[in-house]
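Asker: Sequence:
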Amino acid sequence: MNTSRSRGITPRTLRVAALAVLLTTGAFTPSASADSARTETPVGTSGGVTETVVRVKAPLPASFGARPAACEWLSYLRYRSSSGPASSADADRVLVAQPGILEGAGAFDSVARNTVTRAAEQGRHIEFWALDRRSNCLEDRTGIASGDQHTAVDYYYRGKQVQGRTFAGFVGNDKLGWMAKLGIEQTVRDEYTLLTAELPHQGVRKDKVLCGGHSLGGVITGYFATADFDGDPATTADAGHNQCAGYFALDTTVSTSLGDLSGSIPDDTNLPDVGLGYGVVQAGLDSGLLPRSLSAPVLLNPETMTLLAIAGVGALQNPGGEADLPSYLPANTNIEATNRFLFSKDTATFLTGSPAVKDFRLTNEAILGSLMDDQSVPLAFLQSSVGFFDGGPITDKNFPVANGSSSQPGLFGTEYKAIPAGPHGPLYTWRDYDRVGDPDDPGYRSSDGTPFTAAGKEVTDIQELARSMAAQPLDFTEQYFPTKLVTDLELATSPQVKRLVVHPDGLTANPTLTVLAGDGLLAGRVPADLHPVVADGYQHLDVLTAAPVQNNGRPEPVSTALTEFARTPR
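So for the sequence shown, my numbering puts the first residue at 1; every next one is plus one.
Any given hint might turn out to be false.
[Claimed, not checked] Straight-line C-alpha distance at most 25 Å; calculated DSS-like pairs for lysine-lysine:
| id | residue 1 | residue 2 |
| --- | --- | --- |
| 1 | Lys160 | Lys57 |
| 2 | Lys181 | Lys160 |
| 3 | Lys175 | Lys160 |
| 4 | Lys345 | Lys175 |
| 5 | Lys498 | Lys181 |
| 6 | Lys160 | Lys345 |
| 7 | Lys57 | Lys175 |
If you are wondering where the hints come from, they were derived from the structure by calculation, not from laboratory data.
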């Protein structure tokens, strides 16, 4: 390892911390507080950061129809300094983060810890609240929380019990009727309800809360900032912008437009044609003729997104052990298509299915890396920079697009993709982000001589990523993303959505911090008027998952910028 990089958290410490969190989490069961409308349950304490999961009862209106009892609650992960005040109202600042599309609260784990830690080093105690959208209530983490990969597969795919519980199955469209009304209006209302419940005094919210989000979370923050919550525009204490001292945007912008998020929604998702108009789309959602949750044939659906967390379990459980996940999974069309999409060298391999991922020898970390790294996964909004393959020859991955020829950089990104050169070969390991560029690095290159990666392009520790995906009580991904949330935003000029922007000046009523990934969704089209902080070498997810110390020896820039922004007086 390159010992010139001084790291406050060593890989060994991360592994111990990850396992500690995993062991303390278990199958999540809220511990009731004195107030039955709120629970707060310890997740774990490590590195001076205390994490809890908070649930606040917030019933939906009766007009939403039947829904599971769990969906009457709002949830978030609360991160705070272990040496700081126990009450959120006594913190110096509270950062409240909305997740991006198909994203859950667990995705904020690293940036939350980094930000809280960096502030505490400066003598300030801030909190970071990673919000879950209400629709995450449908997810069942029981198998993942077992901490064992085979147990998780057996629970979700073979009907085996864990702790006396049997998986009820992935939820079909016919059971999602209540989500037909879960659009931008209810989403921002949920944030307001949560903030007012947790911080009842409006003056405290206005003085201490920083509102923001990642990706789509920036647009949601924009609608929150312009919203009015009491139905009377003349009374502004309830206005969205008066719940926040400032805004922050992570690889996005705070706006009421999807224009800056090109590539964040793949073309092959089941989104309805919004050209039909608001009324027709809403009628289709209400009737069930249109899908009420967003999905795609491969990778982006509840079944296959569960596989990401299961891969994370393996990477925590036995990082360097040879993976058997591809062969242990049951054979079905969905899993087979996803494996082909993610692990095909070219179109011929995708069509024939040979060689398949199970024909390669990979460690558990290499499996997770191949699912999430920007040199492997084709979809830009899922990419992070967690290192590179090691242990054998590597070749170009020219599917679904050829290296160097992407016509849709917003969707596929611009990084060259790589894959082990052949099946039945050596055991391929994973070189973590901070070992790229070390003297023993083979320095793999593509067929045209282009280096696949370099130290300055790798920023996320694969063990931290695994912890975020597999050892959190709230998911990294969002298995049931409300279709209406996207169609509302795509129909922003319709009267039904336009009326929600009651205080348009709210967008500029408070200072804004914009932090962009240098290689993320806005790469090459950075809005200079926002004076953004640009994290060089970062991909879209890296702004959430990056390690606290980077390969240049400098502190992680996203959490550094957030900490400095939290210091700025109003």
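Asker: Hint by hint, say whether it matches the structure.
Answerer: Evaluation of the provided hints:
1. Lys160 to Lys57: violated, 31 Å
2. Lys181 to Lys160: Judged against 25 Å, a Cα distance of about 34 Å means the pair is violated.
3. Lys175 to Lys160: holds, 23 Å
4. Lys345 to Lys175: Not satisfied, since the Cα-Cα distance of roughly 38 Å exceeds 25 Å.
5. Lys498 to Lys181: holds, 16 Å
6. Lys160 to Lys345: violated, 35 Å
7. Lys57 to Lys175: holds, 22 Å
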